[in-house]
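Engineer: These are the residues of each chain, in order.
Protein chains: 2
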Amino acid sequence: MNEKGILIILSGFAGSGKGTIIKELLKKYDNYALSVSATTRKPREGEEDGVHYFFKTEDEFKEMIAKGELLEYANYVGNYYGTPRAYVKEQLAKGMNVILEIETEGALNIKREYPDAVLIFVMPPSVEEIHNRLKGRGTETDEVIDKRMKKAGFEITVVDRYDYLMINDVLEESVELFNSIVTCQHMAVSRNRDYIEDKKREFEEYLSRK
Amino acid sequence: MNEKGILIILSGFAGSGKGTIIKELLKKYDNYALSVSATTRKPREGEEDGVHYFFKTEDEFKEMIAKGELLEYANYVGNYYGTPRAYVKEQLAKGMNVILEIETEGALNIKREYPDAVLIFVMPPSVEEIHNRLKGRGTETDEVIDKRMKKAGFEITVVDRYDYLMINDVLEESVELFNSIVTCQHMAVSRNRDYIEDKKREFEEYLSRK
Chain A
1 MNEKGILIIL SGFAGSGKGT IIKELLKKYD NYALSVSATT RKPREGEEDG
51 VHYFFKTEDE FKEMIAKGEL LEYANYVGNY YGTPRAYVKE QLAKGMNVIL
101 EIETEGALNI KREYPDAVLI FVMPPSVEEI HNRLKGRGTE TDEVIDKRMK
151 KAGFEITVVD RYDYLMINDV LEESVELFNS IVTCQHMAVS RNRDYIEDKK
201 REFEEYLSRK
Chain B
1001 MNEKGILIIL SGFAGSGKGT IIKELLKKYD NYALSVSATT RKPREGEEDG
1051 VHYFFKTEDE FKEMIAKGEL LEYANYVGNY YGTPRAYVKE QLAKGMNVIL
1101 EIETEGALNI KREYPDAVLI FVMPPSVEEI HNRLKGRGTE TDEVIDKRMK
1151 KAGFEITVVD RYDYLMINDV LEESVELFNS IVTCQHMAVS RNRDYIEDKK
1201 REFEEYLSRK
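Protein chains in written order, with my numbering: chain A, 1 to 210; chain B, 1001 to 1210.
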């Protein structure tokens, strides 16, 4: 069967809880690896280089682009964000399923280059719930919340181009749903063409011995 | 989210254990229904009408064909076998996932008419293992085993046209793998277009109130 890892792109509205799903998934299963992004944005309090991000200067980042070291990159409000290619390749080859948590734009770019990537979009059960979760954080101004809601209103228009839609209601269930998607992808005939060819040969040999 | 049931076609070599997987699945989960085939073959010892098969005369069966009451049918060694359409439709509408355990020919016919059907092929871990399982039953002559192995050698050539490949090694794991496939299919964006459209409208309304 398919022993290569699967590249999973996870996106979702602010407040969808996608970060928590990944955290719990990594705790529960040992065949997932989380890709760490490179960025030119300054580290925030508590953020560690190599854990939360690889922090780069703009020159360093541009060199990574020039050398083709990034799977995808984008610029948001003056800062670059990108996915280092080497780590992803290495983990996939080891059979690890690699998760990238990225914005819709980057997600769709990756899907164009790697049609085998699995795109999952997470959303809360209702639009009101998104608003309530953002409000509930207590850390965001009404203006920021409005901005995020508008962004979500744009993001919903590209969900059609994802592969799977997950409604994050109960965290533990969501972790299992996420794992179901990846488990089932490993069994997809399209990912097991070589295995099937091997079995055909095995049969031919067996039957020719009769 | 998609509340309609999913039509699942399960095929597999003789000795693949697909019957046992279905039996355990139906015991464990209550959202699956097994479709019962109609046939003109005579009931064997212990087989009940409406449980193992709907036993029909050839005239009755031909009338079902004429009235379009069968989802698919085929003739094997002089007997007709077919899938009654009404039961499948009714169960799918109720949100039950309906399993048809049928031969590869019927499976591919159904996929042509219902591209939404999910085709799963089950096989044992190795070709030798198929032989051993058939031999182990102790009820089949070497001639019958040879015939089944040749049939399997043909079946493997159409597995490419299935959606998923399941290696049945440990029964309990296989039951979970089967359920993963169906769970993940319910989350497929292609099955949730209406839900996504509803969400788009919900956002439009929310944002227009701002």
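Please keep in mind that the hints were generated in silico from the structure rather than gathered at the bench.
Here the structure is a predicted model, which is why all the values come from computation and not from measurement.
From the three backbone atoms N, C-alpha and C, an ideal C-beta is built for every residue, glycine too.
One or more of the hints may lead you astray.
[What the hints assert, rightly or not] To spell it out: a stretch of chain A is covered by chain B in this simulated footprint if at least three of its residues, at any positions, have a beta carbon under 8 Å from a beta carbon of chain B; those stretches are:
1. 10-20
2. 54-60
3. 90-103
[Stated by the list, open to error] Each computed EDC-like pair below joins lysine to aspartate or glutamate, with the alpha-carbon atoms no more than 20 Å apart:
4. B/LYS1028 with B/GLU1176
5. A/LYS56 with A/GLU101
6. B/LYS1200 with A/GLU172
7. A/LYS199 with B/GLU1176
8. A/LYS210 with B/GLU1128
9. B/LYS1199 with A/ASP160
10. A/LYS151 with B/GLU1205
11. A/LYS200 with B/GLU1003
12. A/LYS199 with A/GLU3
13. A/LYS4 with A/GLU113
14. A/LYS210 with B/GLU1176
15. A/LYS150 with A/GLU105
16. B/LYS1147 with B/GLU1103
17. A/LYS147 with A/GLU105
18. B/LYS1200 with A/ASP146
19. B/LYS1135 with A/GLU202
20. B/LYS1199 with A/ASP169
21. A/LYS111 with A/GLU172
22. B/LYS1094 with B/GLU1003
23. B/LYS1004 with A/ASP163
24. B/LYS1111 with B/GLU1155
25. B/LYS1210 with A/ASP146
26. A/LYS199 with B/GLU1128
27. B/LYS1089 with B/GLU1069
28. B/LYS1004 with B/GLU1113
29. A/LYS199 with B/GLU1129
30. B/LYS1151 with A/GLU204
31. A/LYS23 with A/GLU202
32. B/LYS1027 with B/GLU1176
33. A/LYS28 with A/GLU176
Engineer: All hints are to be evaluated individually against the structure, with a verdict given for each.
Structural biologist: Now for the hints, and whether the structure bears them out:
1. 10-20: violated (count 0)
2. 54-60: Contact hint for the stretch 54-60 of chain A vs chain B: violated, 0 residues under 8 Å.
3. 90-103: violated (count 0)
4. B/LYS1028 with B/GLU1176: This hinted pair holds, its Cα atoms lying about 10 Å apart.
5. A/LYS56 with A/GLU101: OK: A/LYS56 and A/GLU101 at ~19 Å, within 20 Å.
6. B/LYS1200 with A/GLU172: Distance ~27 Å between B/LYS1200 and A/GLU172 Cα, so the pair is violated.
7. A/LYS199 with B/GLU1176: 24 Å, violated
8. A/LYS210 with B/GLU1128: 13 Å, holds
9. B/LYS1199 with A/ASP160: 12 Å, holds
10. A/LYS151 with B/GLU1205: 15 Å, holds
11. A/LYS200 with B/GLU1003: Cα-Cα ~38 Å, so violated.
12. A/LYS199 with A/GLU3: 16 Å, holds
13. A/LYS4 with A/GLU113: 18 Å, holds
14. A/LYS210 with B/GLU1176: 36 Å, violated
15. A/LYS150 with A/GLU105: Within the cut-off at roughly 16 Å; holds.
16. B/LYS1147 with B/GLU1103: 15 Å, holds
17. A/LYS147 with A/GLU105: Given pair A/LYS147, A/GLU105 holds - Cα atoms ~17 Å apart, limit 20 Å.
18. B/LYS1200 with A/ASP146: 17 Å, holds
19. B/LYS1135 with A/GLU202: 18 Å, holds
20. B/LYS1199 with A/ASP169: OK: B/LYS1199 and A/ASP169 at ~16 Å, within 20 Å.
21. A/LYS111 with A/GLU172: 28 Å, violated
22. B/LYS1094 with B/GLU1003: Given that 20 Å is the threshold and the Cα spacing comes to 8 Å, the pair holds.
23. B/LYS1004 with A/ASP163: 18 Å, holds
24. B/LYS1111 with B/GLU1155: OK: B/LYS1111 and B/GLU1155 at ~16 Å, within 20 Å.
25. B/LYS1210 with A/ASP146: Between B/LYS1210 and A/ASP146 the Cα gap is close to 9 Å, so the pair holds against 20 Å.
26. A/LYS199 with B/GLU1128: At roughly 11 Å apart (the allowed maximum being 20 Å), B/GLU1128 and A/LYS199 satisfy the hint.
27. B/LYS1089 with B/GLU1069: 11 Å, holds
28. B/LYS1004 with B/GLU1113: Within the cut-off at roughly 18 Å; holds.
29. A/LYS199 with B/GLU1129: 12 Å, holds
30. B/LYS1151 with A/GLU204: Holds - the C-alpha atoms of A/GLU204 and B/LYS1151 are around 12 Å apart, at most 20 Å.
31. A/LYS23 with A/GLU202: 42 Å, violated
32. B/LYS1027 with B/GLU1176: 12 Å, holds
33. A/LYS28 with A/GLU176: 10 Å, holds
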